[in-house]
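In case it helps, our numbering puts the sequence shown at residues 1 to 293.
Honestly, I wouldn't trust all of these hints.
DMTMM-like cross-link-like pairs, simulated, lysine to aspartate or glutamate; straight-line CA separation at most 25 Å [as the list claims (entries may be wrong)]: (1) Lys43 x Asp66; (2) Lys187 x Asp164; (3) Lys275 x Glu239; (4) Lys279 x Glu239; (5) Lys85 x Glu280; (6) Lys205 x Glu161; (7) Lys49 x Glu13; (8) Lys193 x Glu104; (9) Lys32 x Asp46; (10) Lys263 x Glu284; (11) Lys80 x Glu20; (12) Lys263 x Glu225; (13) Lys174 x Asp46; (14) Lys275 x Asp257; (15) Lys193 x Glu284; (16) Lys85 x Glu26.
Because the hints were derived from the structure by calculation, they are not lab data.
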Amino acid sequence: MKDRDWKILRIIEISMRNHEWVPVDEIIKKSKLDSKEVLYRLKVLDRHKFVNRSTYGYRLSHKGYDGLALNAFIKRDLIKAIGSKLGVGKEGDVYTVLLTNNREAVLKFHKLGRTCFTRGKRYRLYLADKRHISWLYASRLTAEREFQVLNDLYPVVKVPEPIDQNRHAIVMGKWDGVELKRVDLTKLEIDIKGLFWDIVEEIKKMYNIGYIHGDLSEFNILINEEGDFLIIDFPQAIEVREGKVVLDILPGEFKMDVEYYLKRDIGNVLRYFKKYGIKESVDEIYNYVVGKI
Numbered sequence: 001m002k003d004r005d006w007k008i009l010r011i012i013e014i015s016m017r018n019h020e021w022v023p024v025d026e027i028i029k030k031s032k033l034d035s036k037e038v039l040y041r042l043k044v045l046d047r048h049k050f051v052n053r054s055t056y057g058y059r060l061s062h063k064g065y066d067g068l069a070l071n072a073f074i075k076r077d078l079i080k081a082i083g084s085k086l087g088v089g090k091e092g093d094v095y096t097v098l099l100t101n102n103r104e105a106v107l108k109f110h111k112l113g114r115t116c117f118t119r120g121k122r123y124r125l126y127l128a129d130k131r132h133i134s135w136l137y138a139s140r141l142t143a144e145r146e147f148q149v150l151n152d153l154y155p156v157v158k159v160p161e162p163i164d165q166n167r168h169a170i171v172m173g174k175w176d177g178v179e180l181k182r183v184d185l186t187k188l189e190i191d192i193k194g195l196f197w198d199i200v201e202e203i204k205k206m207y208n209i210g211y212i213h214g215d216l217s218e219f220n221i222l223i224n225e226e227g228d229f230l231i232i233d234f235p236q237a238i239e240v241r242e243g244k245v246v247l248d249i250l251p252g253e254f255k256m257d258v259e260y261y262l263k264r265d266i267g268n269v270l271r272y273f274k275k276y277g278i279k280e281s282v283d284e285i286y287n288y289v290v291g292k293i
């Protein structure tokens, strides 16, 4: 990839605000390059699968969007190497990266198009009023959202350290642990009931700062051999203020219920711990979290 390749790619990205497919003539006009040069650069981008093409023109691919974000981090002198893939989720890919200060970190690419977008909008208030929106832009909004939430929560709540964000990508501090779902807690030398209440305390801290996770379960709580844990995946977080959702002026099906979603988070955690003999009331824990007890 040369500087002119990146230039053409950014022109396509910007032009997609007004075009589903960006015409070649417009790319040539905005680039101020010779038409032969532009056509050659488009072939390079197509070969790298950074763009999709049709008879109508070109548009950015998910891989091209990944490239733009990664290139931005490199130009900021943040990332110097990318390593193995840590996982593929419903809405993104996660990699190990090496920062320029030789610290290991995590790079997460949001890719909202993998899930049903209509369903996704139901629990993402910041997307619910967007009637026409591309998958790439939606992924960018979810990344911006998660980065904002992490900045608001860290370091008070046990969440990943937010380091940087560009487009649909977030760089976060790396934390060694595995999903709670994959662990037999009886094989760890820990107080299981104490762990349960420690997680409840983090839910309470989160609520006091003004957020509900919105999708909390044993799949997005990481735990290590010492029994310490980290809560991850916040693009669907629900913002609350004085017990009410901040953005509550929405059509019927998009209206959010703080009590419902908070109780669902609590219920998911409680359901997992029941197999370890933890029997608590969702309602009582809810009242504790919101300060009624």
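Against the structure, the hints:
Between the alpha carbons of Lys43 and Asp66 the distance comes to roughly 18 Å, so the proposed pair stays at or under 25 Å and holds. The hinted pair formed by Lys187 and Asp164 fails the criterion: a straight-line CA distance of about 36 Å is larger than 25 Å. Pair hint Lys275 plus Glu239 does not hold up; C-alpha atoms about 31 Å apart against a cutoff of 25 Å. This hinted pair does not check out: Lys279 and Glu239 have alpha carbons roughly 29 Å apart, beyond 25 Å.
Distance check on the hinted pair: Lys85 and Glu280 sit about 38 Å apart at the alpha-carbon level, beyond 25 Å; violated. A C-alpha spacing of about 16 Å is found between Lys205 and Glu161, which places the hinted pair at or below 25 Å, so the restraint holds. For the hint linking Lys49 to Glu13, the alpha-carbon distance of about 14 Å falls within 25 Å, and the restraint holds. With a C-alpha separation of about 32 Å, the suggested pair Lys193 and Glu104 falls outside the 25 Å cut-off, and the hint is violated.
For the proposed pair Lys32 and Asp46, the alpha carbon gap of about 20 Å is at most 25 Å, so the pair holds. Taking the CA atoms of Lys263 and Glu284, the gap is about 10 Å. The hint holds against a cut of 25 Å. Distance restraint check for Lys80 and Glu20: the Cα-Cα separation of roughly 33 Å exceeds the 25 Å cut-off, and the hinted pair is therefore not satisfied. Distance hint between Lys263 and Glu225 is unfulfilled; the C-alpha atoms sit about 28 Å from each other, more than 25 Å.
For the proposed pair Lys174 and Asp46, the alpha carbon gap of about 33 Å is over 25 Å, so the pair is violated. Our distance criterion of 25 Å between C-alpha atoms is broken by Lys275 and Asp257, whose separation comes to about 29 Å. For the proposed pair Lys193 and Glu284, the alpha carbon gap of about 16 Å is at most 25 Å, so the pair holds. Under the criterion of a C-alpha separation no larger than 25 Å, the hint pairing Lys85 with Glu26 is inconsistent with the structure, at around 37 Å.
In terms of the numbered hints stated before, the structure departs from hints 2, 3, 4, 5, 8, 11, 12, 13, 14 and 16, listed from lowest to highest.
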